[in-house]
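Each of the two chains sits in its own frame; use the hints to bring them together as a complex.
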Amino acid sequence: MKLLRDTSLIFNRQMQLLLRNPVWILVGVFQPVMYLLLFAPLLKPALQVPTNAEAYEIFVPGLLVLLAIFGGLFQGFGLIAELRAGVIERSRVTPVSRLALLLGRSLRDVVSLIAQAVIITLLALVFDLRVFLPNLLLAYLMLALISLMTSAVSYGVALVVKSEDALAPLMNTVAQPVLLLSGILLPLTYAPGWLQGVADWNPFSWAVNGTRALFRGDLGAPDVWQGLLIMAVLAVLAVAWAAREFARSVR
Amino acid sequence: MIETRGLRKSFVSRQGREKKKVEAVRGVDLTVAEGEIFGFLGPNGAGKTTTLRMLATLIVPDDGTATIAGADLRADPGEVRRRIGYVAQGGSTWDDSTAREELVLQSRLYGASKGDALARAARVLEGFQLSEYADRKCKTYSGGQRRRVDIALGIIHEPKVVFLDEPTTGLDPQSRAHMWDEIRRLRAEGMTVFITTHYLDEADALCDRISIMDNGEIVASGTPAELKREISGDVVRVGLPVDAVPAAVEALSSYKIEKYEDNVRLYVEDGAVAIPQILRALDAAGVPLGTIELHRPSLDDVFLTKTGRSLRES
Chain A
1 MKLLRDTSLI
11 FNRQMQLLLR
21 NPVWILVGVF
31 QPVMYLLLFA
41 PLLKPALQVP
51 TNAEAYEIFV
61 PGLLVLLAIF
71 GGLFQGFGLI
81 AELRAGVIER
91 SRVTPVSRLA
101 LLLGRSLRDV
111 VSLIAQAVII
121 TLLALVFDLR
131 VFLPNLLLAY
141 LMLALISLMT
151 SAVSYGVALV
161 VKSEDALAPL
171 MNTVAQPVLL
181 LSGILLPLTY
191 APGWLQGVAD
201 WNPFSWAVNG
211 TRALFRGDLG
221 APDVWQGLLI
231 MAVLAVLAVA
241 WAAREFARSV
251 R
Chain B
252 MIETRGLRKS
262 FVSRQGREKK
272 KVEAVRGVDL
282 TVAEGEIFGF
292 LGPNGAGKTT
302 TLRMLATLIV
312 PDDGTATIAG
322 ADLRADPGEV
332 RRRIGYVAQG
342 GSTWDDSTAR
352 EELVLQSRLY
362 GASKGDALAR
372 AARVLEGFQL
382 SEYADRKCKT
392 YSGGQRRRVD
402 IALGIIHEPK
412 VVFLDEPTTG
422 LDPQSRAHMW
432 DEIRRLRAEG
442 MTVFITTHYL
452 DEADALCDRI
462 SIMDNGEIVA
472 SGTPAELKRE
482 ISGDVVRVGL
492 PVDAVPAAVE
502 ALSSYKIEKY
512 EDNVRLYVED
522 GAVAIPQILR
532 ALDAAGVPLG
542 TIELHRPSLD
552 DVFLTKTGRS
562 LRES
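Chains as they are written, first to last, in the working numbering: chain A, 1 to 251; chain B, 252 to 565.
Same shape as in the complex, but just chain B (with noise of 0.2 Å):
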């Protein structure tokens, strides 16, 4: 459904007098399949929005081929428009509009005749359970509410793909996992569905397969089991006072180890046989213990192999 190949973009930024070309995604190459969730994970400033807006039409990519629902990216993205949705991390609606009147605009100038648009409209709104507000100001929405608005802007016309930049940033859980089932929904409905993320539960709970992006790179790719998976054993993750992480890694230094500013973390094929060991060692060289969690590999562990730094930390 999207398949691309080596695609760039760089951008100047100006600092002052100074002119710095800042490489946002330097050769990306994907393939996502018809069906499925497809999520892009990394941490803010990774490319993922540059990616999406290269593969919604919205920016020219320097370099690199794509192609999406089918229609070359670079050759006829105005059929690569008519394909896909695209909705931005920053909202989309008027406050003075009703969600109804920017569904039924919307609608039209992808071509839809005054009736057919009502009628996608309407279908639309009941399918996100927006019907009791439709014919309010878009202002009087909660954050939930405006962001489902947003989605159904991005489907109504019924894409084949739907690219969705980071679609809960800023939510209450409760509008979160909403938003969860909405997204499931779409892909029910037979769309593929493009979204990216910063939270690692979401990437792990709602996408088919994942990209992992760094500092405008695809690192890992794979469904979020594989990737878990290439991690192999357990993760023991040892709380430490700050002075004493030193000391810490001197003396496990014989473990696959991480250190972290008030923690450890140590990769071991058995957690229950190694932290007898681990406390040992500690008592041993006489570091002063806080707290020790065994846990399975998350994607966060697959993100600190492949980058050497966590996600939740940059």
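For reference, chain A alone in the conformation it holds in the complex (with noise of 0.2 Å):
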């Protein structure tokens, strides 16, 4: 009950701090958007589909789960601030749970990427994509478990360098093959056979296709199951990691 209790005060301090500058939600939504408005377009030409619908279907997913995983990955920032200012050594001195520390960080994370979803999804129906609302709400909980793990490794590493300089080439060079590996983009269906052989190790590339599975409609697609378990696995594994990397050099 103490890490239930801690973590919610943690959260909401921190969403407190999140919505005294809402702007940074809208700065977020600002670049996918434009994917929407100006890349998407071509793709009911070049994957050569007969709808419009039909390409959302496939592009709304995969730009949703590129937010989660950099929107995630980019979230070690702000906590280097925060021990640049002292506020988290302020923490640790106090009986607080470590897991708290990191989980409430990490659940404010996980709300603005959803309300950041939330916001792609009404302007995609705009465009003609229809999905049904309770895939939509498994496929938000794939997006909230990628979130999730993301910003908690983005913490981790930013208690492991502790400078804004080393992290930022460090979050672009993993973020770069995981991105251009998972079929976010353009499906890997039109891959060479090489390249999905490598994209199958990627695990995005199975949440990308589950999440796709679930806009399409086709909730029995065993890449549903299989995107979220990995997911829920890889997201325990990464909060594990970064709390210990919280209550490091404490016990």
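Treat the hints as calculated values from the structure; they're not laboratory data. Be a bit skeptical, because a hint or two may be false.
Reference excerpt, derived from the structure (chain A facing chain B, CB under 10 Å, subset only) [claimed, not checked]: (1) N21; (2) R92; (3) V96.
What follows is a list of derived Cβ distance ranges for each label pair [what the hints assert, rightly or not]: (4) A:N172 - B:R438: 46 to 56 Å; (5) B:E269 - A:V27: 39 to 49 Å; (6) B:S382 - A:Q16: 13 to 23 Å; (7) A:L83 - B:R438: 29 to 39 Å; (8) B:G267 - A:L38: 28 to 38 Å; (9) A:V33 - B:D314: 50 to 60 Å; (10) B:K388 - A:I88: 12 to 22 Å; (11) A:W201 - B:A326: 42 to 52 Å.
All values reported here derive from a predicted model rather than from experimental measurement. From the three backbone atoms N, C-alpha and C, an ideal C-beta is built for every residue, glycine too.
Put into structure tokens, the structure is as follows:
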């Protein structure tokens, strides 16, 4: 119960600060919206699908996963600012749960990601995207798991490297191959065999396939539970590791 | 209230490819009594902060034992955390939060209910004369105000012991004096206060007892008056042109003497008797004299006799 209480204390504080500057949620949405408006129209002819709706069914899930990965991976910058201000050290001398220090922050990131995902989904509806609500909620669960994992990883790395100068190239280096090997922008069904083989080892490619199946309305596809399971396991591992970094040097 | 035996900590620092082991703290024994202001005096890099962070459970000692407010540091750091407050050197507030928000959160992290936390925050804000600014963002505060918020955060849960790391570094003289009053007020409320400082006057004026730390070790402990009494007599400081220092040392070799870049210090029984003799000796040797001062031994002289260096110069 202490964990729950501490987590909600940290979460509330982080949400309060986020809502004090809600413009960041909109800044986060800006890039994906640009993709939606300026890139997506190329897809119908490129993917050779009959309707815009079908093109969006493929593209929007990928875009949302992209947002979840990148949004999460760059949360570490905020933590470095907090480290520098002494806020983290101040928390660490209190008996607060170390896991709560992480979870409170990561859950804030999940909530802001879901808010962005909702905005993008609503916009996509204007472009004839149609998705069954329960499937959409499951897709959001997938996004939440991704964002929980990537933000936890980012916090853990931030605690290790302790400097923006090291964090930025590190995260970019991780994010780029992950992005290209996940079929986010174009499905990997168009990829040559060897590329597909490599992508099978990228957990995010499973997440993208699962999310696409959900948007397609194919709830029974094995991609769905496989994607969710892989993301859930990785999220637990990432949270456990990052919480240990929060606790490190204290027992 | 605090008792340590043989506390040690070393770090591995990397210089290029070479790894070097740095012994930051090499066996610290301390006893701090309840209700006193205890000071750690020493130059930057002496190991004061490392010792403080060990006592505040932020880093684990390599060796040694410590009991703080009745709790064992190694066996039960969680209990130590509940009984102490710690205020870091670099500040602890977030620019976009207000002092009240920070205080309420901190109090709740120590387990207070929402109502209790609000009441405590209001009381502490009042005590530190911060009520007026309590609902403004921390980034709008002056250095002194922000420092007072830091201290308030460290004592919001009414700890038995509070550790303050360089509480007045970077403050203007007026804010410093104000901060000293705040620290004395904490003592008056029954708290044991443990500060680190590299200011001689601060250690002298504020602390009931001090330990002088240098190079990871405690070199002297006692009340400031006791420590100064150990150096009997007076100190005569003779200012000289830089190139005249060796000649002066030669001419005054019968005295207990320490030489510096542009002055020498002589430790004498009675300054009033010694000064004319010193002047004659210098005159006879043809050493040009800059200035001559007589003063009672300061903590700097204590530091000097213990370490061979002046705190002002290290």
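Verification of the supplied hints:
1. The beta carbon of A:N21 is positioned within 10 Å of a beta carbon in chain B (closest approach about 7 Å), and the interface hint is therefore held.
2. The interface hint given for A:R92 holds, since its Cβ lies 6 Å from the closest Cβ of chain B, which is under the 10 Å cut-off.
3. With its C-beta approaching chain B no nearer than about 4 Å, A:V96 sits inside the 10 Å limit, and its interface hint holds.
4. Here the CB-CB span from A:N172 to B:R438 is close to 52 Å, well matched to the stated 46 to 56 Å.
5. A hinted range of 39 to 49 Å for the beta carbons of B:E269 and A:V27 is consistent with their spacing of about 44 Å.
6. Between B:S382 and A:Q16 the beta carbon distance is about 21 Å. The supplied range of 13 to 23 Å therefore holds.
7. In this structure the hint that A:L83 and B:R438 lie 29 to 39 Å apart at CB holds, the actual value being about 32 Å.
8. Taking 28 to 38 Å as the suggested C-beta distance range, the pair B:G267 and A:L38 does not conform, at roughly 48 Å.
9. In this structure, A:V33 and B:D314 meet the distance hint of 50 to 60 Å, their C-beta atoms being roughly 58 Å apart.
10. Between B:K388 and A:I88 the CB atoms are about 19 Å apart, so this pair conforms to the stated range of 12 to 22 Å.
11. One distance hint, 42 to 52 Å for the beta-carbon pair A:W201 and B:A326, holds here, with the actual separation near 46 Å.
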